[in-house]
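Q: Chain residues, written in single-letter form:
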Amino acid sequence: MILVELRKLVRRPRTWVTIGLLDALPTLVAVLLAITDLGPSPGTGPAFLSAVLSDGSLFPLAALGIVLPLFLPVAVAVVAGEAIAGEAQGGTLRYLLVRPVGRTRLLVAKLVSVVGFVVLAVLVVAITGYVTGALLLGDQPVATSVTTSVSGSGLSQEEVWQRTGLAMGYVMLSMLGVASVALFFSTLTDTPLSAALGAMALLIASTLLLTLDAADVLAPYLPTRYWLAFVDLFRDPILWRDVIRGALQQGAYVLVFLGAAWANFTTKDITS
Amino acid sequence: MTTARRWCLVAVAATLLVVVPLVVSARPVADPSLDAQQLLARIRAADNIAYAGYVEAHGNLPLPTTDEFNSVANLFGGSSRLRVWWESDDAWRVDRLSASGETDLFHSGSRTTTWDYERLRATSTLDALVFLPRAVELLPPRLAELVLTDLRTDELSRLPAIRVAGRQAPGLRLTPSVPQSSIDNIDIWADADSGLPLRVRIVGDGDDSPPIDTSFAELTLGQPSTQALTFDPPAGSRPSSSGLGSDSLLGHIPAVARAPQLAGLPAIGSSPPGLFTRYGRGVSQFLVLGLDDDVAGPLRSQLASATGVVVNDDGSALAAGPLHLHLSPHRHFEPSWLLVGTVDGLTLRRAARQIDQLRGTAAGGAGS
Amino acid sequence: MIVTSALTKRYGQVLAVDQVDLDVRAGDIYGFLGANGSGKTTTVRMLLGLVLATSGEVELLGRPMPRAAAEVLAHVGALVEGPAAYGHLSGRVNLSLLDAAGRGGALRTRKRRISAVLEQVGLDSVGRRPVRAYSLGMRQRLGLAAALLRTPRLLVLDEPTNGLDPQGIREMRELMIELHKRGSTIFLSSHLLAEVEQLCTRVGVLDRGRLVLQDQLADLRAPTGRTVVGTPDLAAAQALLDGRSQLQGDRLLVRGADAAALNAELVAAGVRVAELGPERRTLEEVVLAATDAAGTPGVDAAADRQRARRR
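Listed in order, the protein sequences are those of chains R, Y and E.
Position one of the first sequence corresponds to residue 15 (this note's numbering), numbered consecutively onward.
Position one of the second sequence corresponds to residue -11 (this note's numbering), numbered consecutively onward.
Position one of the third sequence corresponds to residue 11 (this note's numbering), numbered consecutively onward.
These are computed hints drawn from the structure, not numbers from a lab.
Virtual Cβ for every residue (Gly too), placed ideally from N, Cα, C.
Cβ-Cβ distance ranges computed for the label pairs, FRET-style:
hint	chain 1	residue 1	chain 2	residue 2	range
1	R	G168	Y	D193	43 to 51 Å
2	Y	S293	R	V138	49 to 57 Å
3	Y	V8	R	V133	25 to 33 Å
4	R	V138	E	A126	33 to 41 Å
5	Y	T208	R	V138	34 to 42 Å
6	R	L35	Y	T208	43 to 51 Å
7	R	G168	Y	G333	49 to 57 Å
8	R	D283	E	A271	54 to 62 Å
Quick list of in silico lysine to aspartate or glutamate cross-link-like pairs, EDC-like style, CA-CA up to 20 Å:
hint	chain 1	residue 1	chain 2	residue 2
9	R	K282	E	E67
10	R	K282	E	E91
11	E	K191	E	E207
Throw the hints in and build the complete structure from the sequences for me.
A: Next up, the structure:
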């Protein structure tokens, strides 16, 4: 079932259109940076964006930093919101279930396929980021340059690869929460759009509440709270605190919302 | 399984996920049998402990932002996440983290290097006699050391132990007995075993939220790694040997006449003569600085447009939590007086008037 | 094959299906008749475990549903409320994905099976076009192909001829007869009397959520014991058969099932006979009688329901 869902994912033209759109923004930013040579002023703009002007090898990270706050979660919400509701709307859900496919299995397979989408999207963004970074950005010769960590120490090329890999993994992990929430909403409704909008509403609320001091008590439970912790992987030594908390929190989101999706879906009357 | 039972299962799981961490962090702490004096002695003995950790500091002092004081206003006006590696007073590192970068202080001997990732700038300065507060001043051990000077034993009391960074931390309360003080009390919780201060909270007069509350969230005792403490300016960064800060400010300070006491508070002898004078005792004290027009002018206009500032014939006054500030009005060929400290506004105004009288200037002379 | 007892579904205050006792036997072509909105689709969905019953039991292939859905449904092919497929993929890929999604579809035989069913439903020539470009009839056939993919023991077809042209309807009917011959039991839910009358061996009638009739079609349409006589000499015949006949339209209904004797009697009396045969009720009449009786509660309705329940 999981393989079937993954096959469906890669064969769906919309998957690639979404990833393409997702990829367009960082590429545009890279081109603009290369032409104007104007970085964002310190303390503003996405992480690493001012650093890429001198060091192109950080651009995959900067690209992830650009898509992470909005584009990637919105794409995940759309894809995950479509998971069950899309099948229901298209009428294929009833045929899958009488095939028969177990409802819990279907949910898990759908979550895995959303994760597959996230992996694909992050990989594509990082690879294009690497290519555009190498071609357009950075005025030091790549072979001899040592990348500067956020703490000012030097990172060898190997360390940069490792940490970029870790950061990509963490970004993928960060999307699990949105994915499970959207999947849960997707079992509640037969219209994919409302499921996606529901998940996006939660994200916007979370982002908003994080800026509010009064909501500090809620902060550890908000799904976007630890997203930017991927920057911590480029501090020296690595600051694991928020990364670990973020991973645990996303795990908790998956547990609760996949559980809620299961509770709702396994005995739901399929009338679509 | 019925739908209702499944939902119950999910609700139970969700509740557990929320409640268990709360219960774990709120589990009761044994209180060691120490009186205030013993605890103070233990804290003072912890002077040379090496440690590494992660500190969350919350400042709630709405300071006006001027070019010179911007970093200070930032530091005490909001939340900071700090990482620290502390070997000794001579070798330490404090990182102030932001979402997309960090500003680090590397201290070695008498030299401090500031690394600003977002500006890719490393600035090295020799330690000055006087300097503006930096991130390092927000570390609980450092802040505790600062406030636990020149105190009387009857100002101390014990607070029940709490858990800080997973450690048992008995508390010590300092309630200043200086009547002019604007500080209600200062609470310090220190590690029961090592005596290292883990959390410091300053409470002003009639404040609901503490103006400063800084606490370890993670702590490892013992020698930090040497690698973390060393810093080489990276290639491509812009090194410079001096930045904006206290030194440039001090250049503008004319000599100050010392008085044995101002507004009923005695002068504190240890301040270097000629730069500024301090009055008061312990945590209830104020500084008097003379500023020339280059510095006082912009500050005055900033204050004029800032909220909560009272401007009258005596000058401009501002209260930021327990911190009070008073700037004398502009006068030709005379320095302006900046009085700032943790005493009430009335005391500062009285002190300013007394300075005027000492300088032989008639109040209400050439107004601004 | 399908046995339900007191199957009931309630949506809030609305009783969609009320105490239905279906009995579909192996080898039947079972016609499940009912007007639109009578609860047919809800019943079909309950049989397949898509909708959960408020109360009552469903047994499919001798196993309880929906508990044994995983094993039972692998032997059931279904077409529920119109076909559905992924529009951007070809029919062949759609079938392949659906086959791979659950158990009982061996990878080894998949290609062969898909080609076979596509040929069976007459879609072998268009297998590579995306479903988006299919006509409604082609989609319907694709849906049927999906149902047939694993040679099911039981076929549950909900309105399979919806949207088909007369040619398509005839092909569909022939296909069902052929499948039946090969040993599949067919449960055909429809609102078209003619379709059921032409195909089915057994009929159940659902009216406003209640099963008002369930019997062998042959029994329902058994001779009534009267004989129909068509004659140009209507007055003479009536005079002859005074008291035994009743005029219906331009024909006479005569009590007595012995057509040969009646014929002899009429001819002997010089009455010309144009048409002669035993009277049979049409399915429509049977259904109308059953539903009218159910609609106006009375002795007949109660008897009907009792009869339905007994079987």
